[in-house]
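Visitor: Sequence:
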Amino acid sequence: MLEREETIPQLQEPGDHERFSHYVRKEKILESALSGEPVTALCGKVWTPGRDPEKFPVCPVCKEIYQGLRAPQDGED
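So the sequence shown is numbered by this note's numbering: it starts at 1 and just counts up by one.
Please note that the accuracy of each hint is not assured.
Claimed, not checked - Think about it this way: if two alpha-carbon atoms lie no more than 20 angstroms apart in a straight line, the pair counts; the simulated EDC-like pairs of lysine to aspartate or glutamate are: (1) K28 <-> D74; (2) K26 <-> D74; (3) K28 <-> E76; (4) K26 <-> E37; (5) K55 <-> D74; (6) K63 <-> D74.
Said to hold, decoys possible - Pair ranges (Cβ atoms, derived): (7) E76 <-> L34: 15 to 25 angstroms; (8) L30 <-> E54: 14 to 24 angstroms; (9) A33 <-> K55: 15 to 25 angstroms.
These aren't lab readings, by the way, just hints derived from the structure by calculation. Even glycine gets a Cβ: it sits at the ideal position worked out from N, Cα and C.
Make a model of the complete structure from these sequences and hints.
Guide: Have a look at this one:
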């Protein structure tokens, strides 16, 4: 199961990385909450969750991966 979480995406334009929330595997969010370790979004972005993801639009790359249009870049199958 996946859960949406805010982070900084890896996009072409400087500053765009602050404007999206990302999809992360739910078990990774729980592990991060307990350990404080960073998570990896489906698009490959690594960060430590902290902001409210509802305040940002979904990362377009994460959305494509979630919909099955691309392969995940988070090191999982």
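Visitor: Now tell me if each hint is right for this structure.
Guide: A quick look at each hint next to the structure:
no. : hint                            : in the structure
1   : K28 <-> D74                     : holds, 11 angstroms
2   : K26 <-> D74                     : holds, 13 angstroms
3   : K28 <-> E76                     : holds, 11 angstroms
4   : K26 <-> E37                     : holds, 14 angstroms
5   : K55 <-> D74                     : violated, 23 angstroms
6   : K63 <-> D74                     : holds, 14 angstroms
7   : E76 <-> L34: 15 to 25 angstroms : holds, 19 angstroms
8   : L30 <-> E54: 14 to 24 angstroms : holds, 19 angstroms
9   : A33 <-> K55: 15 to 25 angstroms : holds, 19 angstroms
Of the numbered hints stated above, the single one contradicted by the structure is hint 5.
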